[in-house]
Each structure stands twice: as structure tokens, then as C-alpha cells.
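4 protein chains.
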Amino acid sequence: MKKIYFISTLFVAMILIGAVGSTEGAASERIEINIPDILGYKTLKCDFHLHTVFSDGNVWPGVRVDEAWLQGLDAISITDHIEYRPHKDDIVSDHNRSYEIARARAEQLSLILIKGSEITRDMPPGHLNAIFLKDSNPLDVEDWRDAIRIAHEQGALVFWNHPGWDRQAPGGIAVWYDEHTHLLEQGLMMGLEVANHVSYYPEAYQWAIDKNLAVLANSDSHQPMAHDFQPDKGEFRPYTLVFAEERSAEAIRKAMLDRRTAAVFQGKIMGDSRFLEAIFKESVTLEVSSVSIKGQGGTAVQVHNASDIDFRLVAGKSDCSLQVPGEITLSDGKTAVMGVRGTSDTMSGRKTVPISYGVETLLVGPGESLPVTLELEVEFIPLEQQ
Amino acid sequence: MKKIYFISTLFVAMILIGAVGSTEGAASERIEINIPDILGYKTLKCDFHLHTVFSDGNVWPGVRVDEAWLQGLDAISITDHIEYRPHKDDIVSDHNRSYEIARARAEQLSLILIKGSEITRDMPPGHLNAIFLKDSNPLDVEDWRDAIRIAHEQGALVFWNHPGWDRQAPGGIAVWYDEHTHLLEQGLMMGLEVANHVSYYPEAYQWAIDKNLAVLANSDSHQPMAHDFQPDKGEFRPYTLVFAEERSAEAIRKAMLDRRTAAVFQGKIMGDSRFLEAIFKESVTLEVSSVSIKGQGGTAVQVHNASDIDFRLVAGKSDCSLQVPGEITLSDGKTAVMGVRGTSDTMSGRKTVPISYGVETLLVGPGESLPVTLELEVEFIPLEQQ
Amino acid sequence: MKKIYFISTLFVAMILIGAVGSTEGAASERIEINIPDILGYKTLKCDFHLHTVFSDGNVWPGVRVDEAWLQGLDAISITDHIEYRPHKDDIVSDHNRSYEIARARAEQLSLILIKGSEITRDMPPGHLNAIFLKDSNPLDVEDWRDAIRIAHEQGALVFWNHPGWDRQAPGGIAVWYDEHTHLLEQGLMMGLEVANHVSYYPEAYQWAIDKNLAVLANSDSHQPMAHDFQPDKGEFRPYTLVFAEERSAEAIRKAMLDRRTAAVFQGKIMGDSRFLEAIFKESVTLEVSSVSIKGQGGTAVQVHNASDIDFRLVAGKSDCSLQVPGEITLSDGKTAVMGVRGTSDTMSGRKTVPISYGVETLLVGPGESLPVTLELEVEFIPLEQQ
Amino acid sequence: MKKIYFISTLFVAMILIGAVGSTEGAASERIEINIPDILGYKTLKCDFHLHTVFSDGNVWPGVRVDEAWLQGLDAISITDHIEYRPHKDDIVSDHNRSYEIARARAEQLSLILIKGSEITRDMPPGHLNAIFLKDSNPLDVEDWRDAIRIAHEQGALVFWNHPGWDRQAPGGIAVWYDEHTHLLEQGLMMGLEVANHVSYYPEAYQWAIDKNLAVLANSDSHQPMAHDFQPDKGEFRPYTLVFAEERSAEAIRKAMLDRRTAAVFQGKIMGDSRFLEAIFKESVTLEVSSVSIKGQGGTAVQVHNASDIDFRLVAGKSDCSLQVPGEITLSDGKTAVMGVRGTSDTMSGRKTVPISYGVETLLVGPGESLPVTLELEVEFIPLEQQ
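Residue numbers (the working numbering), protein chains in the order written: chain A, 1 to 386; chain B, 1 to 386; chain C, 1 to 386; chain D, 1 to 386.
Bound conformation, chain A alone (with noise of 0.2 Å):
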């Protein structure tokens, strides 16, 4: 009787029927994240940890691919909670039907959809994701050790959600229990959440360095991402860098198990120092690397930053023969000003001076700055010579 010819929402219509353009201001553009590939590898931007309304997320699981594609990411794995599904009487299917439902978008964006679940579990072990899962289905057992060999045999990757959630470790601490070190010791936790959704963990870090674990930053958003952050007042999810020798899930998961991440929160990004060494160098380039100072004087040397990573310089210990700013902002994608100034009193003649700064922006350890070095060629020409 009923003969309805309209698709299921508007945006998707939009797209199949080619209606985009005529549609002012909809939400249908990627953004880019400017981060460089570096060392030969793809960067890749990723979030392992999002949740939908098949456990007790508020939106359906085509709205996270949406949303990834919208804000640039490259993957994502949508890992519904195996034990805690609070729509069960109005939700009726099973644990492997989220990612059914968002796999046929995420093919239409190109954009990377690792099959997860969430182990909802009491510490220890608490809460732990396993992604790269075939079948989420056997997951669902009494036993968590049953849980995470099932998902480990299917060849997933399991690593710790949310160490220091307050609701799993008083006060917000994280604290290592003898499962870690069982999971740990028999290869079945890969990496850890230094960063999750607002919060922020650097003894996990700190474990992570140690422990030789992947560190990883996701946003498990439950609520449309734009309630949780606003990328109009400088917020953004967090998200796992992977360095990839290609886009796509494979060689994610190779890099992941390699350990080639790095985790982005709140504008920081935590990772090996030869990562985070890569990043800055394949970002920042002074426009001049060669200046002349005369007499007392100073000039002003610019400094690119081509990437979209805000650095937050900080002077470390200097060469005394240039005065430098204590601190620079190199903006993404623009051009800062650095003063210097020096005199030729005592100097004279071509120098090349190292510049040292910590990027208090990347951290190579809890509460510690990667070290840079700019390297500038002077020529210091006394006052008599001009």
C-alpha cells in the first residue's frame, strides 16, 4: 500500500543523489589535519574507542564514520560495550551488528572501520578494548581471561581503557595490578590509553615507556562528538597517531603491534622522541637560516610552521652569543617572528649558532619537552666596519 520512495536520512541522500551544494552549510566537508608523514611512514589519525546506541551510546553507528570522515580521521574502530547494554529491551541484536551497520558508510567515505568491543569489566582489569576482532560475539563469557584469549585467538589487539578513570581508581591514579602483568607478561595487552575523552593519565604513560606498550588517545564519545568537544572553541577529540607503512587496516595493525603511535590530547602529543623529532622537523623550517647582526643589533628571523600543530617553544640552555625569545608560539600553518639580537663586541666574523628550545608541545615523557636545536648562520660585523 504504502509507497515510499524516500532513503533513510537526508544526508545520505544528499550524497547518492548528488543533491550536495544545494544544500547550503550541511555538514558535508573534511577537514585535513596538516600532521606530515614522516620516516618513510603514512601518519595516520585514528580513533580506537566510540560507542553507539547498540550499548550506551546516544547515536547510531553510521553517524561516527560521519563524523570521523567530517573531522579528518583516517580510522576508527566503534567498540560497543560487550556486558553493558543499557537499550537491550528496546536494542534487540547482537554484539557484531554496530559495525555491520556503519561497515557500508565507512566503504562509501574510504575511510578505515577496525571491527571492536569494549570488555566492561570491575578492576582489575577494568575496561579493556580489543580491536581487529573477526566475531564479538564469543566475547560475551563469564570469565574477562576467556574474553581477551578468545579476542587475542581471533588475532585482535587488546590494550587498557582509561587507566586513571576515577570511577575504576580512586582519586584518579592509576594503579597496576598483577592482571597487567599477567596480560602483559602472556602478550595480550598491547598499548594503553594515556589519554581518554578529557582526561589526561602520565603515570600510564609513564607505564607505556617502561613497558614497552603502545600509547593511544581516544575520545570514547557516547554522545553526538560535537556535544563532547567543539572545534570552534579549539577543542578536538583525542586521537591515536599511527605510523603506517600504508593506509589501510593492515598496516595499522602491523604498526600497532611495531608500536609506531603516538598519542594527540588537548593539543599535546606524547610518542617516542623519534616520532615526535620527525613531526617537528618535517613542520618547522626558518625561512632564513643565514642573518647578519651589527654592531648591537638585532634582526628578525621567520619561522614556518606548515603544519597544523600549535608548537609551544621554551628556551632551554643557549649559546650565549644570541639573546632569543624565552618562549615562541609557532601557530599551525603560519609564519612567527623570532627577535634576536647579539652583539660584536666580542664575536666576529660567520658563526653558526644552535638555538635550543624544549616543544613543550611534545612530550617524550611525562612533563618532558622533546629538545630542539634551530640552527642559525650569523655574521657578526663590528660597528668600524660599516
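One or more of the hints may lead you astray.
[Claimed, not checked] Calculated lysine-lysine pairs in the DSS-like style (CA-CA distance at most 27 Å, straight line): (1) K294/C <-> K334/B; (2) K281/A <-> K334/D; (3) K42/B <-> K233/C; (4) K42/D <-> K334/A; (5) K334/B <-> K233/D; (6) K233/B <-> K42/D; (7) K88/A <-> K42/B; (8) K268/B <-> K233/D; (9) K281/D <-> K233/C; (10) K233/C <-> K268/A; (11) K88/B <-> K233/A.
Bear in mind the hints are in silico, worked out from the structure with no lab data behind them.
Assemble chains B, C and D onto chain A, guided by the hints.
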């Protein structure tokens, strides 16, 4: 076995357990839309057309409440389709369920939630919303006439959705059918949408005027609101102003029956001139109403707009004794300067000069600006007197 | 020979000949700063320290008037240096000239323009502004004591500029000299800047409290204001609130003599608690003042902030009968939700619960938040009664 | 007596003594305008029409350099009026002075500063700019023919300013006089402004095409730039693109003589199709160039725009084998989706489908969009093959 103490979402948690403030940036602030109360009525902001996962939308019902509260609305109706439920294999509940889920959240935030459903049929009569329903389930019947009759018997108000929707109105031009005449004459249809989502239907607006139907503008959103409309880009969902005796569901119902509504769409307001004129008068004031013009001189008159509406004024036929700007924009909450210039060659003494503008922002009919007059008392001072 | 009909600038032209509106986007709108009038006084926003090309600034005097009008100020003083005029080979006019040029523009825009000059000396006594001058030229004398005496004899008010300026206060810590004691005791110095441009001097703020000096915050801008402070990035020039009997120069003078001022700097306000408390009370309201707590339940209380100030609240020692957020931000013009949670295990019946916060935004002394109490009437309902 | 150690402005101080970074938020960052280099040329962004206090402007010359650097320009010319100097009682210097003052600042920031003056006469010939002057003073002569001849003998380039300025062209429509023919034929006028400040002159654009004149767009700002154009509201000054062999004043001069320019005004670019087509091709790429259509299906093609230009595309006559969006907006730096839909009922096999659009943003003549073709390789797969 599983002891899980956390509640459904972080956002709810934040409010209920008092964590507001610890989650920097979470979308937990309500903007207020400054449109003045007029003529002894409260000016309520309402969206009577919204979808959730319980029909073909992509969000959980509580999200519609949160979005409305955050955006400064007073009342909403969730109007899931009766006849179109593409998620029904996953979601098995009845037609009342989305309202029931949203109700607790609405009470918590003091948002008025009105029970509604969308009767979703081929044209004619097309799609119609019934709001102020008591029970949505009986509307699920074969004949649309029965559905509307049942709604009416429950005391519901029925209005015609998106009359010019291009899937039901080829070329996007609405057609009025005998079926609509029938509904109108039987008192079964009390209003229509003159704007829906990103579309405006001037022909429907004319029908509303001619046939004394309430004008409505609604979002009809299926996606998270932030995917459809982005306030930081100056976009806002369409919504309906209801001029009600108090802030209550019952007062809204009474006002709609009495046609006390206006439609807000893409920065413009459509409605009866007595409402629009009152809004303008309550919003706009001249900082000084008395100026002097010396010789062939000019002066600057400051005009303040206390509302959140951007008024665009275009000069009408003016009294010839003053030269005024051809166009003025009075932005939200700001003060503009209006340069005026005159000559005391032919004028002298004190005179009240009417300055006539058409307000393009306030449409009293399709393409018809509200005429307004600003009165300025001017003293013309011949040069020899200075 | 040359007939040139155009007037000096497009901006002036726009206003005078009524072209406002035809130049889309020209900066011709005044924002209004919503800070409430208090205690029967008008709350005027003032910047008493500004430079132009007539000393070492980079803008024509009229620009200072335009900027102040556009940014919602009520009064300014242009205070070009008496002793430092690096452009004097190009610009040959006397010390009164910048005031004279700006005056016509100020009258046109109803901005209060106060005649001032900066007495610019080595420390001690450093730089001092004299405002409410009648004639700036006599201040150009050898001995600074004479300059201040002459200003005083003209009825001017003299205040100490940027006491902690690092070129005159090594390390940026202000030093109080005998010369300042002398000025204070002779009634020749009535106030000091606790903030200037991008600097804040807590030690100066303490002196103001201890010695009953008016607190001031001023921009000291030399560049176009938009180069120093960018409102779209949340920056705003420092300014001084004056609580005056009316909006006039004379009322400002009287208020300053009576120490009715507060200093606004980077989102914080410094001043006497009677003023700051009144501002808070006029700005912030609980949408409901009466709630009920069922069992061990919670509820959401909405808090509205009608002002343009972002208030940051941090919980003080609280009555133990309610659990409230540790921190709340009440943003400008918005409504926040405050989650409260209680228990009726030990409580029952109706009780007025005081909720104590410190307002970090309102500093009644260096580092000292204004204490405020929100009173909530709570009905505790034991579970068995429900 | 007076030892005053501070230098002229905080902004200069900030740069020279290395304090950048300590003044949070000071406007010390240069944005970069991403418009690609094309055809082997550097794409330089230039504003050849600016005023200072040395004629009827309201800023000191160094401000023009700072503004241009901050906004990402490569070159400017300060073109104070020769004949109109309303500040001359206060400012006594000659016509070369504003250039001399600005020069030091320009060198410091590596901005190209070109010496210029505005010859300011009644119509005809109206106002003309002479740039690449050696000495401005000799232009101050009675007869405008002499002024232009003297400029030409210095090697300067002369162009016609704001031909449609309503004070010299009643109704805002430019008129071409014999005097302009004379200048053109004598090789004394090489270009004209097709846009100036907030005005656009289509008739002048047509003359430029017909008579082989260089097209220019300039700001003609008299106020601080932030009063005229507010980037945070999407406004930007008009500017001229010069396609030069290198980033130098001489290369700009050579390019202008060779008519290698385009005019940027309110988001649109006007110029020769070979330049505009190259800009589009260097900016826009299809993420995939090969898709498949199954049955009567659709797919989503992603289109990336690497430039800072917002391209607006409107469909032209299309190959009938694919249905594509009627309009697409490719925003700056973002990726859009273009839905395409086809049918394999009548098509089969692999085919290269040209998709034709007109780019409304790129005007190759008044009202004339640049035509572009996107080529998509499509494999049509009949349903029975799936």
C-alpha cells in the same frame, strides 16, 4: 557477577553527580535566544518536527532534548514516522517509546516535551505531524483519514509538513489538493510548515495567510543537529515562535489554535504584522531621538538593537527633508550609526521627521517586508544663526 | 585649480553622508559590554592611557575614538608623552593637538573624551598620567615635581602608570620609592595601574588596597588596537570600570576621587568587594531556587549569567548536606547546569542549604577570590515516602 | 637630562629584543595565503594602493607594512595623495617621507615595498597611481599630463584608480574619456583597478580585456585595516595577484608590464583564463579518478581543494551518462563529496565521463565563469553481472 556502577553517559553523569566544570569544554551551556516577549505574551522558541533512531533518525531520543536545551529552545516535539521505520529489525519498541525515553531528560532540564508522531503518506495529503497526542500507537492504521481522525479525537493538533518537498512536489512547488481543502474545512489541519530544514515554501506561506493557518518552521532533523546546522558558521535550525500566555505545553497548544505563531528561517521571520512589528519595536531604539542640523550638515544617530535578530533595513519613500542611508544592518545586540544629512536652506525650526524603512528580515507576506518608521526630532539651524 | 570634493576618510564619509549599510562589513557597529549598573551607579568602561602619532603611537587621534566606540567603551583619554616625541621632525604641533583633533569625532559618537598627557620620566617616579587637564603645554618643564604640581593646579588627576614595567622595575617587580610616598602624602597621586597592556602587577594592587588608591587598568596602546588585542581570539584591551553617578566626564572625575573604580584585565576584575559582589549578584541568578532530592538522588539546577563576564567558581567549604560541583564556569549570557546530589538518609524536610564558592574571576585582593554563597531551598524526601 | 631607554613601540620592541612569545596574543603571526604558484611563476599577493597620515590616512606608514605582513602579502605600495594633504598643518614632510619611514620596517620583515604616489585629479582623468617611482616630489605640478610624464620618465607604472567611484562617476558607472585613450595610446597607462575597497567595476574589467590593460584590485585603505575588513567575519582586503618570475620588486614590475596579474575581490578572482585555469588545476584534485556504477546506482567521489580559495561550481551542460550535483562548493583546504549516479541499463563497460562545471569564483570576464571539466573514469556494471 558484573558489578557496573557507571551510569549511561558521561553527559548525564556530569550533571547528576555534579561534575560540571571539571569537563572543560563539554557542551553543557545553554545559549539564550534574545527575542523579546511581546503584547503580554511569552515568546517561546519551538521545534515541532524531529526524528530519532525510533524511526529513520540517527540519534537517541535524549539527544533531541539536549540539543534543544543547549540551543535555547523552550519546547520540542519528537515526531517519528508511524509508517516508516527502517531500523525496526534492530529496534522493536512501539510508537510511544521515543517520547517516553526523552521525557525524563526533558523534566530534568525543564524543557517542554510535546508528544508527537509523523503521519507519513504519499501526496496527497503527504506528510502531516500530529502533536499533543496522548497515544501514538492507534495512528498506525491503513487509511490516513482514520489516522488524522484518531489524532484529532485525542486533542492533537495536525499540520502539513514540507508542502514543497521535491519528492512530493515536483520542482519544489507545493500543490494544494482537494484532500487539504477537506482537512481544512473539517478543522483537522491547523497549520503548515512554511520552512523545513533548508527549504522555504513561499506559496505555502501565502496559503497560511489566505486560509488562516498557523505558520511553522521546523528542523525535521534526522542527524545530530550539528551535522545539519553549524552555529559557528551562522547557521541555526528553523524554529517556530509561539506567543503564549505562559511557558507551558497547554499555553503553547492554545496559542497555536489561536494562530499566535511565527516562523524563523535562515535569519528571517515570517508571520503576522502585529507580531513582527511588536518584535521590532521592543528590540530597536534610537539612542537619541532629537538632533540638530546646521546649514547643509549631517549628524550621526545611534540605533541600538537589543535582540539577537539581525535586522536588515532598506529605505522606503522618505520625507524629502533628510537624506538617510539606503540600507542599514542592525546586528544582534549592537549599536549602529545612521548618518543623516539635511539642509537648513529651505528648512528651519524644529520638526519631527518620519524615516521610513522596510525590514527585509521581517516578512509579513512572501517577499513583503514589514514597513517601519523611525521618528527623529530635528532642529534645522540656518548657517547665519551659528 | 584643483576641485576635490571628497572628505577625509571613507569611514567618516560613510557616517556623515548616510552610506552606512552600503559598505558591507565596514567596522561601523558598536558592541555593548554587558556589565550591570550597581549600587545606584552607572558602570562606565574607560581606557585612560592611549597614544597617537603625536607622541610615539602609530595612529591618528580619531582612530582612538573610533576604536573605543566600536568596542563599547564610554570614555577614553589620549595621553601622549610630553617628553618623548620621536615623530617631532615630521609632526610639529603642540601637546594639545591630539586632543583637539579627536574631540570632534568624540562628540559625533557621544564618547567621553578626557584631556590627558603622560609625564614620562626615569624611575622614580617613572611615568605618570595626568587626566582632566585644561592645557597640556605647561607640563613640558624640566622638573617632574613642577609638571605634577601644574597638572594638579589645573584640577587634573594624576596616577602612576605600569609600576612593574620591566624597563623601570628590573625583574618586573614594582618598587615603591620615597617619591611616591611624597606624591601620595601631598594628595598629588590618586591611583595606579594594576594592569597595563599585557602585564599585571599584584604588588601594585596590594599598594592600592593598603594606601587607598584607585585601581586602574589601561591599554597603553601605541599600535592600532587590533594589532595588540584580537577580540575574535578572546582578547580584549584592559580597561577601568568607573562607578559614576551619571555618564559624564565630571561624574567620572568625582568617582575616581572617591575610589569608585575596578580594573578589568584578561577576563578578571580587580576591585573592592562591595563593587565586585554587587556585580556578581546583579549578573547571576538561579533559575529555580527550590528543588527536591529523593532518596540518594540528584537534580540539575540551572544558573543564568546575564552579564558578558565569564565567571569561574571554585567550591569553598560547603555545608555537608549537598554534594556540588568542585568547579563551575558561568559563561557570558549563558545558562549552566549545576548538578547537585544529596541523601535523605540522614536529612529530611525542607532546608535552606548555602552553597559556597570563590569566584576566581573577581579578585578582591592579589590572588584572593570573592566569596559568594548561592542559597538553595531543598526538600529532602526519604525513599519510603515516594 | 632625560634618559629614556624605551624604543618607539612595543611591537617593534617585541621583535627586536626577542620578546616574541611573552606577549600572549599580540598580532605577531603571519597567515599564509595558499594560492598555488602556476606556469613556472611565483604567485605574489600585492596591494598597490594604501594611505597613511602623510596624506588623508589615519595610520603611520609602518602600520601598512605590519598589516601586509600579518595578512600574508608579498608586496605593497604606499600611495599617498600628491594634491590632497589635509594634515599638512600638523605634518610638514615631503612626498617621499611615508616611503622612507616604512622602508626600514619592510626590510626587517622581508616585505617588498614599492615607492608610489596617487595623482589625484578631477575626472577626467580622475585618480591615478604611479608606482615604482624614484622621487615623488616632482609629481607635485599643476598639469596632470606633466605629472604622468614625469612618473613615466622615472620608469614608473601608472594605473587608473577606482574608475567607477561614485564621486567621479555618477551612478557608479565608469566612463572612458578621451584622456584615457590618450594615456593608453601613449603607453602611459598600463592597468586599472577592477575592484577597489568594497566596490567592483565590471565595465572596467571589460575595458581591461578589450584594451589589454593589467587588472588590479587594491584596498585603498585609509583606516587601520581592521576597521575596513575583518578577517574573522570572512572579509579580506582586495588584492592583486602578480605572477612573477621571482619574489622581487623588479620581477613584479616586469610581470605587470607583461599583464601577468589577476584581481582578488570578495572571494572572487578576475583575470585571464590561462592563469585562472592553472590556479584551479593546481588546487583541485579528485581523490579517486575511477569508480564503478552498479545497476542504477550511485557512488561518492571525494574532491580535495588544497588552496585557500573557496571554489563555487555550477553544473554546465553535462554528458548525459551521469547525474551529478547541480552545485558544489569546494571550501579552502577541505575535501567535499560529490555524489554521482548513473544507470547501466543503457551503458556498460569502462568509459571516461567528462563532467562540466562553471567556476563562479573564477571570472574570466564580467559575469563569465571559468569552464572546467573533471574527468571521471566509470565502469558501468549491469545488475545481472553482480
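Hints, one by one, checked against the model:
no., hint, result
1, K294/C <-> K334/B, "violated (45 Å)"
2, K281/A <-> K334/D, "holds (24 Å)"
3, K42/B <-> K233/C, "violated (35 Å)"
4, K42/D <-> K334/A, "holds (19 Å)"
5, K334/B <-> K233/D, "holds (15 Å)"
6, K233/B <-> K42/D, "violated (33 Å)"
7, K88/A <-> K42/B, "violated (41 Å)"
8, K268/B <-> K233/D, "holds (20 Å)"
9, K281/D <-> K233/C, "violated (34 Å)"
10, K233/C <-> K268/A, "holds (20 Å)"
11, K88/B <-> K233/A, "violated (38 Å)"
The structure does not agree with the numbered hints 1, 3, 6, 7, 9, 11 stated previously, though it agrees with the rest.
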